[in-house]
Structures are given as C-alpha cells and as structure tokens.
Amino acid sequence: MSHLLELRHLDKRFGGIHVTRDVSFQLSPGDRLALIGPNGAGKTTLVNQISGVLPADSGEVWLRGDNVSRMTQAQRVRSGLARTFQITTLAPHFPVQRQIELALFEREQLGGRAWRSIDSFPAIKTEAHELLSRFGLRAHASTPTQDLAYGEQRLIEMALAMALRPKVLLLDEPMAGVPKGDGGRLLTALDSLPKDLAVLLIEHDMDLVFRYASRILVLSEGAVLADGTPDEIRRDPLVRAAYLGN
Amino acid sequence: MNTMTLFKARARNLNDDAGGSSPKCAPAWRAPFITLAMGLAACLLLPDQLGLLTRLFVIGLLVLSLDLVVGIAGLATLGHAAMFGVGAYAAGIFALRVMPDPLVGLAVGVLAGGLLAGLSGAFLLRYQGFTFLMLTVAVAQMVLALAHKARDWTGGDDGLSGYIMGPLFGYFEFDFVGKLAAFYSLGVLVVFFYVARRLVDSPFGLSVRGIHENRARMAALGAPVYRRLLTMYAIAGAFAGAAGALSAQTTAVVGLDSLSFSLSAEVLVMLILGGVGRLSGALMGAAVFLVLHHTASSINPYHWLFVVGGLLMLVVLAPPARCLAQLRARLGMTR
Numbered sequence: 306m307s308h309l310l311e312l313r314h315l316d317k318r319f320g321g322i323h324v325t326r327d328v329s330f331q332l333s334p335g336d337r338l339a340l341i342g343p344n345g346a347g348k349t350t351l352v353n354q355i356s357g358v359l360p361a362d363s364g365e366v367w368l369r370g371d372n373v374s375r376m377t378q379a380q381r382v383r384s385g386l387a388r389t390f391q392i393t394t395l396a397p398h399f400p401v402q403r404q405i406e407l408a409l410f411e412r413e414q415l416g417g418r419a420w421r422s423i424d425s426f427p428a429i430k431t432e433a434h435e436l437l438s439r440f441g442l443r444a445h446a447s448t449p450t451q452d453l454a455y456g457e458q459r460l461i462e463m464a465l466a467m468a469l470r471p472k473v474l475l476l477d478e479p480m481a482g483v484p485k486g487d488g489g490r491l492l493t494a495l496d497s498l499p500k501d502l503a504v505l506l507i508e509h510d511m512d513l514v515f516r517y518a519s520r521i522l523v524l525s526e527g528a529v530l531a532d533g534t535p536d537e538i539r540r541d542p543l544v545r546a547a548y549l550g551n
Numbered sequence: 139m140n141t142m143t144l145f146k147a148r149a150r151n152l153n154d155d156a157g158g159s160s161p162k163c164a165p166a167w168r169a170p171f172i173t174l175a176m177g178l179a180a181c182l183l184l185p186d187q188l189g190l191l192t193r194l195f196v197i198g199l200l201v202l203s204l205d206l207v208v209g210i211a212g213l214a215t216l217g218h219a220a221m222f223g224v225g226a227y228a229a230g231i232f233a234l235r236v237m238p239d240p241l242v243g244l245a246v247g248v249l250a251g252g253l254l255a256g257l258s259g260a261f262l263l264r265y266q267g268f269t270f271l272m273l274t275v276a277v278a279q280m281v282l283a284l285a286h287k288a289r290d291w292t293g294g295d296d297g298l299s300g301y302i303m304g305p306l307f308g309y310f311e312f313d314f315v316g317k318l319a320a321f322y323s324l325g326v327l328v329v330f331f332y333v334a335r336r337l338v339d340s341p342f343g344l345s346v347r348g349i350h351e352n353r354a355r356m357a358a359l360g361a362p363v364y365r366r367l368l369t370m371y372a373i374a375g376a377f378a379g380a381a382g383a384l385s386a387q388t389t390a391v392v393g394l395d396s397l398s399f400s401l402s403a404e405v406l407v408m409l410i411l412g413g414v415g416r417l418s419g420a421l422m423g424a425a426v427f428l429v430l431h432h433t434a435s436s437i438n439p440y441h442w443l444f445v446v447g448g449l450l451m452l453v454v455l456a457p458p459a460r461c462l463a464q465l466r467a468r469l470g471m472t473r
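Line by line, the protein sequences give chains A and B. Going by my numbering, the first sequence runs without a break in its numbering and finishes at 551. Going by my numbering, the second sequence runs without a break in its numbering and finishes at 473.
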C-alpha cells in the first residue's frame, strides 16, 4: 500500500536544543496514529515541520508520493494536508458560517475572486451549512465565533480542517482545554471522520489515545522512543519507565 | 467522567439540524448610493462651500483607501501619503506634459499609486507590526526626498503648477467656483466606494479580513497570505493614487505637503475618528475632521487641534460602536 505521509529522518534544532532527532514514520489511508510524549518532547514542533510552518534542518516530508519538504504551507494544504491547532486558532469576530466559507473558498481556489459577493456562491453556502449541521453548529451560523463555548470552538477547528477535504489530518491536542463534560461532541466528531483518512493525533488524554489509535508513536526528547500497537506500547517497558508509569 | 463514558454518552447528536439564520452582506450599492445622495444634497445646499466639499470628497477617498490597508488587511501604516502624493504628481505632470484630459489623468494617478504600493509592498510586507509601520514611514520619507530633489519634474518647494485641466468627457469645463470639481470628485469617490464595497464583500475581501483576524489560521487553510496582502496593498495604493490625482486636478497645484508625514498621520486620525474597518466610517471620519478643522480653525486658528485631540481621546476611550452596543444591551435590543 502506498503511504499518504512519510517522514524520512526529520531533524530540527533550536540553537543548542535538539527538538526533533531523526524522526521517521509512515501513514497510510485509514491509519489512526497517536503521537504521545511528555511536554517538551517535540510533538507540536514535529507537526509544524510536517505542515510547513517550520522548515526542517534535514530530512524529508513526503505527501502522497511527492517530496513536499520545500513546499510552502499553502502548497501542502492543496496537496491534501490539513491540521488543527493546540491553542484554538480562529477568526474570533467572524460569524461561524463565514469561518467555514473561508476554508471552502480556499479549497476551491476562489479566494482570489475580487468582484462577486460571497453570498453569490450557492454551492459554497450549501456545503457550509452541511458541515455546520454535521458538527452540530448549524444553529450558530450567524454567531460570532468568540461568543461560542470553548468546546464548540474546538469543533470549528475540526470542521475547518474537514472543509479542506484532506487526505492526511494532523490533530494537535483536539481535547486540550475542553471540560470533560463537554467532550462528547468532539469524540463523536473524531469517530465520524472518514475511514480512508489518515489521522495523526497528538493527545495527552491516554483514555482517548488507547481507545482511538490503531498505532502509537512515543516521542521523547525529540526522538522516537517506541512505535507499535496500543497493546505493544502498553507492554513496552521503556515506555512504561519513561512515560506511562506503572 | 472518563473518555469511555463520554463515548457512550454521546452528549448531543452531531446531526443537529436546528437551522440558524445565515450571515448576509449588505447590498454593495447601498452605502455608495447614500453617499451620493448626501454628497449631492451637500453640494446643492451649500453652494458657498464647494471648495471644502471637494476637499472632503478627495480626502474621504484617501481615508477609504487607508481603511483597506488598516481596517481590512490589518496593516498599521504611517506612510499612506506616499501613494497619494505620487498619484498627485503623476496626474499633474501628465496634465502638464502629455495631455490635460481628467479621466486619463485619473487613470495615470491610479496606476502610479498602485505601482508604488505594489513595488514597496513587495518589500514591506515581508515584515509585520512595528517594523512594518516604521518601514512605511521610511518609504514615504524617501519618496518625499526624491520629489524634493527632482525639481525639474515636481517644482520642488515651489510645487507643481501651470497646468489647466481639459473638459470632463470633452464637454464639461472646470469652472471658477469649483462646481464641476465638486461633482467630479463626488462621482469618483462614489465609484471607488462601490468598488471597495464589492472588493471587501468578495471571497478575496473575506480572505484578507481572515488574514487580519488570524494569519496563522489563513495559512493553515492554504491561503497565500503574502500575495493576498500585497494585492490588497496595491489596490489601496491605486485608490490613494486616485485621490491624489483628484487633488491635483481640482486644485491645479501639487505641493510637497501631499507626501508629508503629517498627512499620513492626519488621515489615520480621521479613520480612527470614523471607525476602522467599516469603509463608511472612513468617510464619516474625514467629514468630522475636515468640518471640525474648518469651523474650529476659523474660530481659533492656533488652538483648533486641541478640539481634534479631545475628540480623538473620546473616540479611543469610548468607541462609538462599543457605546452603541452597550446602549442596545441596556435597552434589551438583540442583534
């Protein structure tokens, strides 16, 4: 099976700190790979290198068979990569529907159209409504994003990523900051992601990680400590010693 | 409650179809039409103030162009007069040396302003925040120095003059009392205002507003952030160039003050007075500032800026939009 995402010996330093050390792994269609590790292990830095926010010092990122290491973030998105952020990163004053339309216009490469009104694209509007309904946000179409509860803003993050129709989705701590009682809709959204989508999930909630992931990769001080199924990771003495405890 | 329980609980059904109303853009013609009606009424009711009204329409267009940069794209600049001045000099030189047709001259001003903004923006937009702000000042000062040096073309300290504009559409002559100048400026302002409204409510405008709100988000959606900002900066430069050309054509003189730092600062004050990011606020701010300038300076020519300063403090400390929202909330009025 061909890989959707492949990292080859990715390496990154910030001055004297080695934040990514020779990281390699692959993602295939339908994979649910969880990336875990203690704070400061380099998880978000790795996501930033994959998505093109940060250039790697060495190594390569391959996306759907193409070397995208030198591509911009926008080019990688057009190649089928989408991400969410650890800290909610939205347009706070935009009504929720406009937020989704932003993603749809960019996906359809209509973002440069400078004369037609945004209201005169019925297909975009319909798809925005469908996405909002799918994520249970239809009632908030006109609500400014900043007026929504934090958990709902996390849902918008995921809806935006899905609006891009990605092949590979990078989820950076989707449950971060969400009160336990409000997490149900996010978990359902995670569950309903397309089966052929390759997902890389960064998460500290171990219940979620071991329930959701088909494979787990443990990062420690920027390097891969272990890579295996949830059962293998659970039994791995190195992981238990370094991260999970007893 | 642990994660497993949450999975089982499925707190709410994701296929919640309770339909909320969709956001809608106001018709693009509405605000320009109101501007046209009010401008015409002002011209007809105040025939002795056509000079002031012409100045208001010209500066209103400049503040509108600044709102595209500051309010829509979120780029704080103190060098916007550079595009205005270059448009003014280009239109003036064109009228003096090539042909005096106002509309062709206006197009030359538009091109000059857009070109300067495009070229300088290609460099400036690689920076953000305070660095960007300071570099816009530097570019404007360099253009001012060049205009000062190129006396043969610009007239230097004496200013550029000696040209007489030809008839508009080959028929309407510019008259002594400034009637045509006022109507011509109003017409150009309304057309550019309409274009700005279309632009802001288009997918491109939405994208640029998105960049203003959150640059990282727009990059993550695949938007070419730099290119979008550069395009908007060049368009705003073209608008400012148009305002400069209008100024040159309606006053028949272009001075170095059209490139000055004080003009850049004044139009920013006007924009803040009227409200940033709403386009119509730019015109209101220009109107308030210029009418205040006109009346307060005639009462006290030395201390009129005191009044403007006080008003600016009031607007900054108690923004009209926030006050209105609080009033609506107190009255129990929903959005």
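Because the hints were derived from the structure by calculation, they are not lab data. Glycine included, each C-beta is placed from N, C-alpha and C at the ideal position. Check the hints yourself; a few may be wrong.
From chain A, some residues computed to sit far from chain B (all C-beta separations above 12 Å) [to be verified]:
#1 TRP367
#2 HIS398
#3 SER422
Just a few of them, taken from the derived set where beta-carbon distance is under 7 Å, the chain B residues facing chain A [claimed, not checked]:
#4 SER160
#5 LYS162
#6 ALA164
#7 ALA169
#8 LEU284
#9 LYS287
#10 GLU351
#11 ALA358
#12 ALA361
#13 TYR364
#14 GLU404
Quick list of simulated restraints, FRET-style, between CB atoms [unchecked claim]:
#15 A:GLN451 <-> B:LEU450: 45 to 53 Å
#16 A:ALA454 <-> B:GLN464: 20 to 28 Å
#17 A:MET511 <-> B:LEU449: 39 to 47 Å
#18 A:TRP367 <-> B:GLN279: 28 to 36 Å
Consistency of the hints with the structure:
No Cβ of chain B comes within 12 Å of the Cβ of TRP367 (chain A); the nearest lies about 19 Å off, and the non-interface call holds. At the 12 Å boundary, the C-beta of HIS398 (chain A) falls inside the reach of chain B, the nearest C-beta of that chain being 6 Å off. The claim that SER422 (chain A) lies off the interface is violated: its Cβ sits roughly 5 Å from the closest Cβ of chain B, which falls inside the 12 Å cut-off. Hint status for SER160 (chain B) relative to chain A: holds, with the closest Cβ pair at about 5 Å, below 7 Å.
At a threshold of 7 Å, the smallest CB-CB gap from LYS162 (chain B) to chain A is about 6 Å, leaving the interface hint in force. Given the 7 Å rule on beta carbons, the hint for ALA164 (chain B) is violated: about 10 Å separates it from the nearest Cβ of chain A. Annotation: interface hint on ALA169 (chain B) violated; nearest CB of chain A at approximately 14 Å, more than 7 Å. For the restraint placing LEU284 (chain B) at the interface with chain A, the shortest Cβ-Cβ distance is roughly 31 Å, beyond the 7 Å limit, so the hint is violated.
With a cut of 7 Å, the hint placing LYS287 (chain B) at the interface with chain A is violated, because the nearest CB-to-CB distance is about 37 Å. The interface hint given for GLU351 (chain B) is met, as the beta carbon of that residue sits about 3 Å from the closest beta carbon of chain A, less than 7 Å. Residue-level restraint check for ALA358 (chain B) holds (minimum Cβ-Cβ distance to chain A is 6 Å; threshold 7 Å). Contact between ALA361 (chain B) and chain A, as hinted, is supported at the beta carbon level, the nearest pair being about 5 Å apart and thus within 7 Å.
About 9 Å separates the beta-carbon of TYR364 (chain B) from the nearest beta-carbon of chain A, more than 7 Å, and the hint is not met. At a threshold of 7 Å, the smallest CB-CB gap from GLU404 (chain B) to chain A is about 28 Å, leaving the interface hint violated. For GLN451 (chain A) and LEU450 (chain B), the hinted distance range of 45 to 53 Å is not satisfied, since their beta carbons lie about 27 Å from each other. The hinted window of 20 to 28 Å between ALA454 (chain A) and GLN464 (chain B) holds, with their beta carbons roughly 23 Å apart.
In this structure the supplied range 39 to 47 Å is violated for MET511 (chain A) paired with LEU449 (chain B), their Cβ-Cβ distance being about 59 Å. The given range of 28 to 36 Å is broken by TRP367 (chain A) and GLN279 (chain B), whose C-beta atoms sit roughly 48 Å from each other.
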